[in-house]
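J.: Sequence:
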Amino acid sequence: MPKNTSAAAHLRRLLELLAAGAPAEDFGAVATEARRSGAGAGDLAEIEQATQAALRVHSALRQHQRREAELTALFDTAGDLAALRDLDAVLRSIVRRARMLLGTDTAYLTLPDEEAGDTFMRVTDGSVSVLFQNLRLQLGEGLGGLVAQTARPYATPDYRTDERFHHTHSIDAGVLDEGLVAILGVPLLLGSGSGGKVIGALFAADRTPRTFSPDEVALLCSLANHAAIAIDTAKAMTDARVALAELAEANAVIRERSAAMQRAEESHDRLSDLVLRGGDVADVAAAVADLLRGDVTVFDAGGWPLTETARGA
1 MPKNTSAAAH LRRLLELLAA GAPAEDFGAV ATEARRSGAG AGDLAEIEQA
51 TQAALRVHSA LRQHQRREAE LTALFDTAGD LAALRDLDAV LRSIVRRARM
101 LLGTDTAYLT LPDEEAGDTF MRVTDGSVSV LFQNLRLQLG EGLGGLVAQT
151 ARPYATPDYR TDERFHHTHS IDAGVLDEGL VAILGVPLLL GSGSGGKVIG
201 ALFAADRTPR TFSPDEVALL CSLANHAAIA IDTAKAMTDA RVALAELAEA
251 NAVIRERSAA MQRAEESHDR LSDLVLRGGD VADVAAAVAD LLRGDVTVFD
301 AGGWPLTETA RGA
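Just so you know, we're using the UniProt record's numbering here: the sequence shown kicks off at 1 and counts up by one.
No false leads were mixed into what you were given.
Derived Cβ-Cβ restraints for the label pairs, each shown as a range: (1) 211 to 173: 20 to 26 Å; (2) 48 to 235: 58 to 64 Å; (3) 235 to 60: 38 to 44 Å; (4) 113 to 53: 51 to 57 Å; (5) 255 to 235: 27 to 33 Å; (6) 265 to 236: 38 to 44 Å; (7) 236 to 293: 45 to 51 Å; (8) 240 to 61: 46 to 52 Å; (9) 151 to 245: 31 to 37 Å; (10) 22 to 44: 16 to 22 Å.
Derived from the structure by calculation, the hints contain no laboratory data.
Backbone N, C-alpha and C fix where the C-beta goes; we use that ideal spot for every residue, glycine too.
Take the sequences, apply the hints, and build the full model.
T.: Encoded structure:
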């Protein structure tokens, strides 16, 4: 009976540790304490089994808590991105949040260059290498080129030894200069299915070996989905601002030309009325000088002045 009471006390201790959110190493101490207190083999086996079950629950709780924190951060990120309208600010925010959410040494974003037919490094966060920051990738080259080509996420625990990617001297030199080892890349997709369009790629990378978990891949994909919409919106806003500026400029030209035409029409009417009322050359010269706000002299075919110089008002 005392042994059963001892086992129950240790089992309660495991539950208390779970409720308190104690670290995993504290759970193993329960079985150790039971052994020291002289618990029987049956009780020890039960306590060991309960400890393993408690550790599984502890791991699941930690995973749920981490996922909740990630989703909260992702929700906050989506709200921040929705409030931004400047493209550069949007891109910087995306890369900074990617690095923060995954806790990596660096994060970066590449965009396609339609004219050059390749992709280029648009924004980096945590990068120290100018060579890396100026990298350009052809479609299918390196991990980034593969992400852009297949529109699928890819991760490597050690880029330099991973043969799944088409290595090039320039890309490998940039990665080496930055000191990157583990890299996760996901596409920035607009739309879904076969109609989806890759408008860039988002990366998170460490300078030490690391295996990115499926949850981390999914998290960066979720951020990339929000990012793609934010980038598209920012580009649309930029295009709209440019279009409005061009429209305003065109309207200014139209107003100026309309005013000039109005002045010409009024001048024509004034001069016509003057002639119809019997005005002579001097009267016409005076009217023209007034309209042009300058000096006017009328000469005959021989170059002799027909009138005195008329001075405009």
